[in-house]
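Since the structure of chain A is already known, use the hints to place chain B on it.
This is what each chain is made of:
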Amino acid sequence: MVLDVTARNLKETDPEKQVMFSAQKNYFEIGRDLQGRMRYGAWQIKETVDLALQPMQKQKEQYLLNFDTDVEEVEIEAILSYYISGGKGDVVHTVKETLMFDID
Amino acid sequence: MHRCNRLILFVLSALLIFGPMSLQAMQKEADTIDELLTMFDETGCMECHDEIHNEWADSWHAKAVVSSLGSIHNFIEIGIKKEWETEVTKGQLLKCLDCHAPVVNFASEKLAVEIAEMIVTATKEKGKPAGDAATKELAKLKVGCLSCHNIKALRVAPGFNGSAEEGMIYGPHGEDAGDAHETLQAVDMTRSAFCMQCHGIYTAADGETIQCNTISGSYQNAYVAQGGSQTCQDCHMEKGHLFPGGRDLETVQKGLGFDVQINPYQHLPGKIEGVKDPAKWVPSAVVTIFIENKTGHRVPDG
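As given, the protein sequences belong to chains A and B, one line each in that order.
Last residue of the first sequence? That's 199 in the working numbering, and every number before it is there in order.
Last residue of the second sequence? That's 396 in the working numbering, and every number before it is there in order.
Okay, chain A solo, but in the shape it has when bound (with noise of 0.2 Å):
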């Protein structure tokens, strides 16, 4: 399970500059043999750290974005992805919002 955020200058036409802003979390089991070694065997796997999302719990993240000065346009987008194996991964929840900036 991975949690994307994203803001971006719409104003900008270089894509390489137009990300501000990019962040990423992992909500994951460690599985670890009894050395305390990561291990993806099933019979390998002896322990877990948890570091998934726990059930009937709300997950708080929060982040601080400052931008420059002259930005007028932010699109943010947070996506919450779901990977069942490797690197397929399927978009579980988007949601994009765009603010506006007076800059003067």
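FYI, nobody ran anything at the bench for these hints, they're computed from the structure.
These figures come from a predicted structure and were not determined experimentally.
Treat the hints with care, as some may be off.
[What the hints assert, rightly or not] Pair by pair, the computed Cβ-Cβ distance ranges are:
#	chain 1	residue 1	chain 2	residue 2	range
1	A	D109	B	K230	46 to 56 Å
2	A	D163	B	W178	50 to 60 Å
3	A	L146	B	Q320	42 to 52 Å
4	A	G131	B	Q320	38 to 48 Å
[Said to hold, decoys possible] Examples of chain A residues toward chain B, derived with CB under 7 Å:
#	residue
5	G131
6	L146
7	A147
8	K153
9	L160
10	N161
11	D165
12	V166
13	Y177
14	D185
Glycine is no exception: its CB is placed at the ideal position from the N, C-alpha and C atoms.
Then chain B, alone, in the frame of chain A:
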């Protein structure tokens, strides 16, 4: 009168001894996969339960072996052979297949080893004739009707329940199926503990723990312990015997709340380093995200 009592006693004794036999007591061991499937013949189930059969046919239970070939192959080749330096036996293979194909409990030692070899071939020779043939044969093994409705039906509490009877169909209600088959109620099948036989840390007969997934531990310790009351079946049987879970996007979406609050403001001039004009207000925002796990277990899990 005495003769009559003796006769009744004889009949009762015979019923006790030769009456409904448990699976363990009655079943012979199969030497081929086809023989195994004949012993646990499920071909007639769909004649009356076609809707349920169609749901199940699209489920991951229906491909519980072929969808996990890579993992089971790794267990055989890396776990059993390389790391444990031991022989591939039925007992070792059941550490996977007791759940992925419970009928293998009734395979002979020879057949179990052959199945293990097939799994290795199917993985190593994938896309080649030998691999495809092995996969086709292995596709016959799955979590089928009788896996739950007979073999595993009473295994949650074998001390209390005893063993499943050969040929008996166990269901949550024990409804009369007429001449089609005998039915007995197994309330266990309505409880989470029934699913937890496989959907949790698995303890093999020799004590080895296998952590394909740990979901039942989270269910018990972080959900029920916090007051949660839903069962596995409440959510994962909403689409009947399709049993949707993490591979079903709709189910995942339903299980996770996502509330994003974006709060714009202008930060005080001169307080943020690196901006073009330190004398100006700095466009800013606070993004607060609440992800609610509405399921009865940690997310994600195996």
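Any hints from earlier that this structure breaks? Give me their numbers in increasing order, please. Going through the list in order, the structure violates hints 3, 4, 5 and 6 and respects the others.
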